[in-house]
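J.: Following the hints, position chain B against chain A.
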Amino acid sequence: MTAIGHHDNIGRCDISQLCLLAGKIILQNGGETYRVEDTMVRIAAACGISQSQSFVTPTGIIFAIEGTAHTTRLMRISQRSTNLLKVTLVNDISRQMSRGEVTPEEAYSLLQRIDSGASGYSYPNWLKVVTAAIASGCFLIMFQGAWSDFWPVVASGGIGYLFFVTLHRVVPITFFAELLTAVLIGLLSVLSVHIGFGTDLDKIIISSVMPLVPGLHLTNAVRDLMAGHLVSGLSKGAEAFLTAFAIGAGIAAVLSFY
Amino acid sequence: MDMPAQLVTSFIASAAFGLIFNVPRTALPQCGAVGMLGWLVYMMATELGMDEIPATLIAAFLVSVVSQLFSKLYKMPMIVFSVSGIIPLVPGGIAYDAMRNVVENQYDAAVQLSAKAFMISGAIAIGLVFSEVIGQMIKKSERRRQ
Chain A
203 MTAIGHHDNI GRCDISQLCL LAGKIILQNG GETYRVEDTM VRIAAACGIS QSQSFVTPTG
263 IIFAIEGTAH TTRLMRISQR STNLLKVTLV NDISRQMSRG EVTPEEAYSL LQRIDSGASG
323 YSYPNWLKVV TAAIASGCFL IMFQGAWSDF WPVVASGGIG YLFFVTLHRV VPITFFAELL
383 TAVLIGLLSV LSVHIGFGTD LDKIIISSVM PLVPGLHLTN AVRDLMAGHL VSGLSKGAEA
443 FLTAFAIGAG IAAVLSFY
Chain B
130 MDMPAQLVTS FIASAAFGLI FNVPRTALPQ CGAVGMLGWL VYMMATELGM DEIPATLIAA
190 FLVSVVSQLF SKLYKMPMIV FSVSGIIPLV PGGIAYDAMR NVVENQYDAA VQLSAKAFMI
250 SGAIAIGLVF SEVIGQMIKK SERRRQ
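Going down the list, the sequences are from chains A and B.
Here this note's numbering is used: the first residue of the first sequence is 203, the next is one more, and so on.
Here this note's numbering is used: the first residue of the second sequence is 130, the next is one more, and so on.
Here chain B stands alone, though its shape is the one from the complex:
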C-alpha cells in the first residue's frame, strides 16, 4: 500500500471538508492533521488484521482526544476539529455497496452491508462520546482538587 499518498490525500481531504464547513482559516491545517491521524490509525489497524468496526472505534476515539487538545490549545469549539477529522471514517463505500445490492434485488447482502454501515457509524459516535466523557471526568476532578 502507498502510505505517503494515503497520508497526503487524507490530510487534503479533511482540510477541504473543514473549508466546506467554513472553519476559521487558522484551523484548516489542524483539521487536516486530525483527519490524517484518524485515517492513519484506521489504516494501520486494518492492515494488522483488525476488523473495520473496532478499527473505526479506536480511530474515532483518537480523533476526539486530539480535537479536545486542539480546542483547548487554540480556544475554539471542539466541533471545528472533530467534524472534519471523522469524515474519512464515514462508511460511504459500504453504504454504497448496500444500496447497489438493493437495486440488484439482492436484499440479504444489502441488509448485511447496511447493518455493517450502521455499526461503523455507531462506532464513530461511541468513540467520540467516550473520549468526551473521559475529558469531562478529568475536568471535574481537576476542579475538585482546586
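This is chain A alone, in the form it adopts within the complex:
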C-alpha cells in the first residue's frame, strides 16, 4: 500500500475525476465497454484504490469508489465519434500508470490535452474524404465490378462522404445526416448511369455507400453482448441498426423513383 502514501495529496474526488475522464475519452471515441471499465478500474488501482465499481452504457458512465468515504459520480456522454488514436493513447497512459511511470497529476493533464485537442489527434477532413473516395473505388473492384465504373464510384463515394462530414456539423442527428447522404449517393449513381458515365448501377451504389457502413458499431455491439454487457451491447446494436436502416431507406427512396 505504498501507492496511497505516495499520492496522499490527491483526494478521492480527483481520482474518480481522473478515472471518469479516461473512461469518457475511450467511450466517446469508439472503444469497447469492457475496455472503458478495465481502464477505469486499472487507473483507480494505480492510485491505490483496490475497490471500485463502474457501470458503462454508450450514453453515460457511473463510477463508484468503495470504502469508508464512498464516492459515486456520473458522467453523461452525449456525443460519440470514432477516433481510435485517442483510444490507443488513453490505453497507453493507463498502462504507464499501472507501471508507476506516470503520476496521477501528469496523467490528468495528459488526458485533458487529449480530450480537448480535437484537431491534433485526427487526420484532416480532406484526407478522409479522399481516402473514402479511393476506398469506394477499391470496393468496386473487390465486388467484381468493371474498371470502367471506377471513376464514377470514386466521384459518388467521395462527394457522398464530403456531404456527410459537412452535413453532420450542421445536423447533429446522425440518422438524418446518413439518410440524406444515402439519398445523395443514390441520386449521383443514378445520374452517372443515366448520362453513360457508369454502367452497373447496383455495384456503383453498393461501393459508394461502403464508407458509411456501421462496421465498428456492429462488432462492438456483439463483443459487448458476448462479454455480458447486455445494456450497452443492445444499445450499440440499435445504433448500428439505425445507421443500416438510414442507408437502406435513403437508397430505397431513390430506387423506388428510378
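In case anyone wonders, no lab produced these hints; they're calculated from the structure.
Ideal Cβ placement from N, Cα and C applies to all residues, glycine included.
Be aware that one or more of the hints could be misleading.
Distance condition first, Cα-Cα at most 27 Å in a straight line; then the derived BS3-like pairs of lysine-lysine [what the hints assert, rightly or not]:
1. B:K204 - B:K269
2. A:K226 - A:K330
3. B:K204 - A:K330
4. B:K245 - A:K226
5. B:K201 - B:K245
6. B:K201 - B:K268
7. B:K204 - B:K268
8. A:K226 - B:K204
Residues on chain B that point at chain A, a partial pick, calculated with CB under 7 Å [what the hints assert, rightly or not]:
9. A145
10. I149
11. N151
12. I216
13. G222
14. M228
15. V232
T.: Frame of chain A, contents of chain B only:
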C-alpha cells in the same frame, strides 16, 4: 479472377478505413494487411466452393487472430486492427439486394436475402469472439503456469 488486383484493392480499402477511423499512423499498413488477409481467405474459400457463411466465419476468425498478434506486437488495442480488417467481409452487397427487392415488392426474396445478410454478420461476430475467447484461455493458462 484477377487475384493481384483483389489483393491490392483490399489492402488499400482496409487501410483507408483505418484512416477514416483515425487509427495511429504507424498502424495503417498493418490494418491494410489484416484486411487483405481476411479477404484473401474469404475469396479462396468461396472459390473452392464453400458457402459464404462458413467462409466469412473462417476469415473473421483469422482476422481476429492476426489482430491479437499485432496488438501484442505493437502494444495497441486489438480493435485498431480488427475493425478495418473485417470491413471487406461486411455483407453490404447482400443487404443492398435485399433492400432492392423490398422496393420492388418482392418480399419473399427480400426476407431470404436479409436472413443471409444477418447470418453473415453473425458469422463475423462469432469468428471475432471465438478467437478472443481462445486468446483469453491461452493467457489464463500461461498465468497459471507462472
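J.: Next step is simple, just say for each hint if it's right about the structure.
T.: For each hint, the structure was consulted:
no.: 1; hint: B:K204 - B:K269; verdict: holds, 19 Å
no.: 2; hint: A:K226 - A:K330; verdict: holds, 24 Å
no.: 3; hint: B:K204 - A:K330; verdict: holds, 25 Å
no.: 4; hint: B:K245 - A:K226; verdict: violated, 36 Å
no.: 5; hint: B:K201 - B:K245; verdict: violated, 34 Å
no.: 6; hint: B:K201 - B:K268; verdict: holds, 12 Å
no.: 7; hint: B:K204 - B:K268; verdict: holds, 16 Å
no.: 8; hint: A:K226 - B:K204; verdict: holds, 21 Å
no.: 9; hint: A145; verdict: holds, 4 Å
no.: 10; hint: I149; verdict: holds, 5 Å
no.: 11; hint: N151; verdict: holds, 4 Å
no.: 12; hint: I216; verdict: holds, 5 Å
no.: 13; hint: G222; verdict: holds, 5 Å
no.: 14; hint: M228; verdict: holds, 5 Å
no.: 15; hint: V232; verdict: holds, 5 Å
Of the numbered hints given earlier, the model fails hints 4 and 5; all others are met.
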